[in-house]
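**Q** Which chain is which? The protein sequence lines are A and B, in order. Sequential numbering from 0 applies to the first sequence in numbering that gives the first Met the number 0. Sequential numbering from 0 applies to the second sequence in numbering that gives the first Met the number 0.
In case anyone wonders, no lab produced these hints; they're calculated from the structure. Any given hint could turn out to be false.
Here are a few chain B residues that face chain A, going by a calculated C-beta distance under 8 Å [stated by the list, open to error]: (1) Ala40; (2) Leu209; (3) Pro229; (4) Ala281.
We put the CB at the ideal spot given by N, CA and C, even for glycine.
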Amino acid sequence: MSDMRQSSWKSGLPFSIRVIEVRDESRSARTLMFRRPESDPDVAASGDAPDFNLSGFVPGQFVMVWIPRLDEKPFTISYLDDRTFGITVLKRGPFTKALHAMNPGDWVGFRGPYGRGFSLSAGGVVVGGGVGMATMATLIDRLDKPKILQGARTADELLFLDRFPGMDISTDDGSKGRRGFVTDALAELISADRPAMVYACGPEPMMARVLQMCRDRCVPCQASLERFMKCGFGVCGQCCCDGRRVCRDGPVFNSDELAGLASFGRFARLKSGSKVGIGAYHGGGKGE
Amino acid sequence: MNMKTDRIAAGFEPDLSVSLAGIRLANPTVLASGILGTTKALLKRVAECGAGAVTIKSISLAPRDGHANPTILAFDAGLINAVGYSNPGVEEACREFSGLSDVAAPVFASVIGTHAGEFVEVIGRMEPLGFAAYELPLSCPHTPGYGTMGGQGTPQATLEITKAARSATKKPVFVKISPNMPAIGEIAAAAREGGADAITAVNSLGPGMLIDVETRTPVLGFGMGGVTGPALRPIALRCVYDVFKAVDLPIIGVGGVSTGRHAMEMVMAGATAVGVGSAVHAFGPEVFGRIVGQMRALCLKLGAERLSDLIGAAHKQQGLP
Ligand SMILES: Cc1cc2nc3c(=O)[nH]c(=O)nc-3n(C[C@H](O)[C@H](O)[C@H](O)COP(=O)(O)OP(=O)(O)OC[C@H]3O[C@@H](n4cnc5c(N)ncnc54)[C@H](O)[C@@H]3O)c2cc1C
Ligand SMILES: Cc1cc2nc3c(=O)[nH]c(=O)nc-3n(C[C@H](O)[C@H](O)[C@H](O)COP(=O)(O)O)c2cc1C
Ligand code: FES
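This is chain B alone, in the form it adopts within the complex:
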């Protein structure tokens, strides 16, 4: 099939650009935090592969080694990981991520802390850098002191941490939430009340576990870890759908996306932008360019001149909850 003649026949070139909390993305794909985001050189490479925006691996105040290996494993329906937030700490991150204009797409900083004050301090140190926004993952399921293991996934903690981060910067703040909560809309509402500009939904699911039968031992070094990739996709979609109903904030839909069709589902569930992480395992960093090409083809098929017209399209169907 010749895409170019198709576009001419269709009489338009679909516009895949989106505006996410005032940040223009050439296309909705975003590199999810914790996948390849360790260095500026890798961010550059992912942007060159076609990502609309990229997120760095989460950064804490002090360096962290993370959990013992195995930290990341591929199983038949996804990835399971307990990396444990290894990162070189904010001081080195500021050296690594200086001169971000070299990266051909907006760069989001993922910031972690054990309490509100730590988020504020890390953001403060990063303010002079060229990050387009801050993402607060209050939802990691496998790191003591952080995310859901640190009690950050409750509405109260989400409100408190978001407020604190909000007061530390004028840049957009995204709050990343867990798929584990049945009432996910309440967490999103708390983030909104705290001043969040967007919701990232979702972080990894679980934790889950895998056991080596021969040695009768859980395989991950930490014993358990977050589930991502294909197994997470239908849950992530439903979460995005719920959050879209609950709050009028833009959403970065994340979880199991590896094709343009998957990304389009996320958009129709209510996502303005679409995070991609685990798919790098199957398709490499080139997955971003492929998803974008496939989304373009889908827009042509659907007669959609602007992708943004399709955000939340699945909510317009009658009779659904």
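Extracted from the complex, chain A is given alone in its bound form:
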């Protein structure tokens, strides 16, 4: 009975925090840094215990980011230390443009973290495509010297080159690293060696190929999915991929779960709930 007490009712309101620093990560991605409310004396002084609290954050989880009077959308935490955290934002449409236009002192609301993150195992390979690298960053921080494969269309879209030296880089146009897809690099790597785990986040067609390769070679893998989110905590059904709620049952799924999702790599739902092909869902989704 103890799990049925009303105390399992959890409040999850957004908490507004000021931007403390802005930095460009690539031609199209920018990081916004914030102070963690848990370590902010002003927050404590006003007697607040914000619902937003990153102390139990697991890499792969996400937060809902609110710009007052505009909208609220899901993002990963890409930087986290005792005092600060950051999100890394690829410029795409109205919301991400507004985030790119922010300056230190501006307010952004946060709630979460939400969802099921990665389950960490010893060793492994991290595969990040595009802004999917933002999701992998805190995972890399916690893994012990993982092999990192990063793919992007061109050199000026690569992320965290200084933060994670020694990454294996692929670009579509060969402007840095090897020319080709990050999945080609992975294919080479897992044919030579069988990693304990492959962690992936990137465009869904890329993740679908990663899953296929890993299953062919009996390598376990986990991938982080993106679907249109509203509540973020498993109530509205907006983000579902077949019978799974990406926001709560995911966003990270393992190989067996992914293999059971008929829509993975194929379909997603728009804001209205209309089901469309994955390409149409991302609307090209290439940033600028």
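The hints should help you fit chain B with the ligands onto chain A, whose structure is shown.
**A** Same frame as chain A, now just chain B with the ligands:
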């Protein structure tokens, strides 16, 4: 405590099944509209978790994006939402909800429109599908053109829309009403006059509002939204109690239910079936199986062989209004 030996000791296995407007539910729990009801796969999952029936998220004639986020927030005493009836429209809904026999429980269609003719058209398009009943929410408090914001919560509008829907189908029609109306019995009576087969009581309360102090801004994208969950429960119970007194129609009692005890209160207030929505936030889709298990245990404790014998039991106490 060992439930099985308890049942043997008690000498009976409580019968939790109910008949709702001629539809048999294995147990009284119903997934409320707007919670997880976006796809057939999710309905299947909720039915497998033990729901006695499931309701789809409300469907309109044309697709709707709904309001800007934040649309749904959890606060310390419930949820507040202004989703704004996002849905893919009836044409896509007919594709999504074909082959409903895959779902292990009766499925109710929630239908919305801005005027009676739209309800008729949506129902007409859905008739070939396997829905067990239609629910008309005339009571959403936060979507312009619909529900109470569309003037649908008055006795006249309720009568008119219910009549129109009634003429469009032979299947049972449920009318979902608002907890905001002091004279809730009059709305229920209007629905009955229009030919409703059951009353769903209640929709979300309000609208309410929450404000972010730092930015001095209402938090919901729409500024305000309906209140559900624990904060709504005592109000919903009183509404069900009032409706039970006002009309002799079966009631789906909805509002704040998250345990078997809560569901039993609803039954005693007069509900034949019990809707559950916001509790999915705290307990996941598995909440249905848990509520059913707890209701069974309560029936044993109360010596009730049939749950249906307890419907309206609280009205039998002397001296209450
Ligand atoms: C779990 C998760 C984590 C994410 N982490 C990051 C991150 O760390 N960095 C980053 O740059 N982006 C991240 N995204 C994507 C980010 O949410 C979208 O880029 C953003 O919502 C785009 O909004 P827009 O108005 O700029 O663009 P729009 O033009 O409105 O949308 C562009 C595309 O973004 C996606 N999108 C839009 N709204 C939503 C929504 N409410 N929920 C989910 N997807 C949406 C759709 O694919 C859409 O086609 C994440 C998404 C999810 C689901
Ligand atoms: C996020 C959310 C969305 C809802 N959407 C609808 C809807 O589309 N149609 C409807 O009739 N009721 C809708 N409701 C109201 C519920 O069906 C139910 O009447 C209300 O939530 C009270 O029950 P609860 O306290 O168990 O959640 C919604 C409620 C919530 C929380
Ligand atoms: S976003 Fe609402 S259920 Fe996932």
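**Q** Each hint should be assessed against the structure and marked as holding or not.
**A** To see whether the hints hold, each was checked on the structure:
1. Ala40: holds (4 Å)
2. Leu209: Since chain A brings a Cβ to about 7 Å from Leu209(B), closer than 8 Å, the hint holds.
3. Pro229: This hint holds: Pro229(B) lies near chain A, its Cβ roughly 6 Å from the closest one there, short of 8 Å.
4. Ala281: holds (5 Å)
Violated hints are absent here; each numbered hint is respected by the structure.
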